[in-house]
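**Student:** Given chain A, put chain B in place with the hints provided.
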Amino acid sequence: MVDVSEETIRRLKKQAVVLRRHIIRMTHNVQSGHPGGSMSACDIVTALYFHSLNVDPKNPDWPERDRFVLSKGHACPVWYAALAERGFFPVDELLTFRKIDSRLQGHPEVGTTPGVENAAGAEGQGLSFSVGLALAARVDHKSWRTYCVMGDGEQDVGQTWEAGMAASKYGLDNLTAFIDRNGIQQEGRTEDIMPLEPLAEKWEAFNWHVLNIDGHDFRQILSAIEEAQRTKGRPTVIIARTVKGKGVSFMENKIKYHGAATTDEELKMALAELESQEAAL
Amino acid sequence: MTAAGPWKMESQRSYFGKALVELGRRNPDVVVVGADTTESIKTIDFGRAFPDRLFQLGIAEPNMISVAAGLAAAGKIAFAATYSVFGSAHTYNVVRQNVAYTNLNVKIFCSHAGLSVGPDGATHQMNEDIGLMRGLPRMTVLVPADGPQTAKCVDAAASVKGPVYCRFSRTNVPTLTSMDDDFRIGRAYTMHDGSDITLIGCGVMVSKCLQAADVLAKEGIRARVINLPTIKPLDVPTIEKAARETGAIVTAEEHTVVHGIGAAVASLVVNNDPVPVAMVGVEDTFGESGEAEELLRKYGLTPEKIVDAARGVIRRRSR
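Just so you know, the sequences run in chain order A and B. When the count follows the working numbering, it moves up by one through the first sequence with no breaks and lands on 474 for the last residue. When the count follows the working numbering, it moves up by one through the second sequence with no breaks and lands on 384 for the last residue.
Bound-form chain A, shown alone (with noise of 0.2 angstroms):
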């Protein structure tokens, strides 16, 4: 397990109830978006911009930069926040989210929100994606390395299998891939719209490194992450089992809150468990 301080994972955990409170806020504040994905992202999401990563807010496009993609582009509110807690722009502009104008966009755009790496919102490009990253990184022999966080649902689609097979043919170390198993995809339980399981089992058919872990536990994260970076000659995916809804108690596990931002009345529910939760820490 990996050596950090009971400091460090508090604030983290504190970091992540800040997270979470932009994504209600956000996705309430249009009265759309993807909330419940973002959720159970966060704290992986987390783990990475506020411990794991090398960036630099103040120059979002300095080449040696640890490279992070959201291919679940749908969870695009934990990733604005991320960027925004971490100063790659303003925390008011988060209330801009998916209006007209903005340059936080209803899913992720290259070129227009600093920090954003990879377009995304068709389900399945962001791990082939991260395959380009990291085969670039080894061409220039760079020691920067790429993550990628995709979710379960994404399991479905054909292309990210391509991705596996080519990150192991090629023995990409430098790319580790999160799946975030929350278990719900749009129309209902992964399970039951197209079975995933076994699903470590298929990863390592594929010649992966797989971790599973519990994906809101810090201590969890960030051992896999270590784990990761000192596995040679394979890439590492890591399935971390998550809560979709992850932190609001009525919004857990609910298949309805992927695509609905709350009401009125759940937001002040929702805001008063995190308020709490953070008191807590």
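There are no misleading hints in this set.
Covered by chain A, according to a simulated footprint, are these stretches of chain B (three or more residues, beta-carbon under 8 angstroms):
(1) 117 to 129
(2) 140 to 146
(3) 166 to 174
No wet-lab data here; the hints were simulated from the structure. Don't be surprised by glycine CBs; every beta carbon is placed ideally from N, CA and C.
**Tutor:** Chain B alone, transformed into the frame defined by chain A:
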């Protein structure tokens, strides 16, 4: 004045492969991705010269395009090359999201465009790619007329920022230009002067336009022939000037007339110079197996068809 032939028949793929190796020698940032067609499309020569810079990704074109996009996002000039049906239609939403929307230096070079693919039949005869690609914001669309122009497209594509789609033939085509000729993206080239009508062709149809001009000359009709290697962005001044000066246009393309170069030219001239336009190309149909020239004849992609169309628009103009 004789416009047409005889011409040397040469492979656009060979010119493409050689140009890519030369470009790779000059520019270490050039990388190439392939999809189990590297030998056929000649990118394998690049791989032999620069083994670390060719990525063979198998029969997985959507992945190939996204990988090219990732390479480009990290500063590379990424050439993705395969057959046009796979490089355009099969990958369309990947090209749209990861290449065009993201505005990356991905250069998609596809051979086996159009009917002249021949015996492989309709599944491989891509007659819809020009329309697909010119519909994408930010996409530059190139259709070189011959081998030398294909080589020049490689250099030109690498020198412009952003996405490029370039399509050419499987079969050998007449060499109409030379490596010494000017080539710039966005420029149309007048191959034969005339003032009575303009024939605008791309790809293998440029030679058919030149042959048609010869036939028309015998009837006293002086046809201007324009080679249009850049479909997007169009050379607006050259086309508008031709419309004004000759008063009638025939377009010719190895592509469906539904949304190809004829549609592009017509929708341009209708703005300021609404002259009659006739389109020679594949009608709204699929192809079939056969030899290249047999197919071009059967589907009406011939000098005779261009001559008929020219007589037709001249009649319409004088009504």
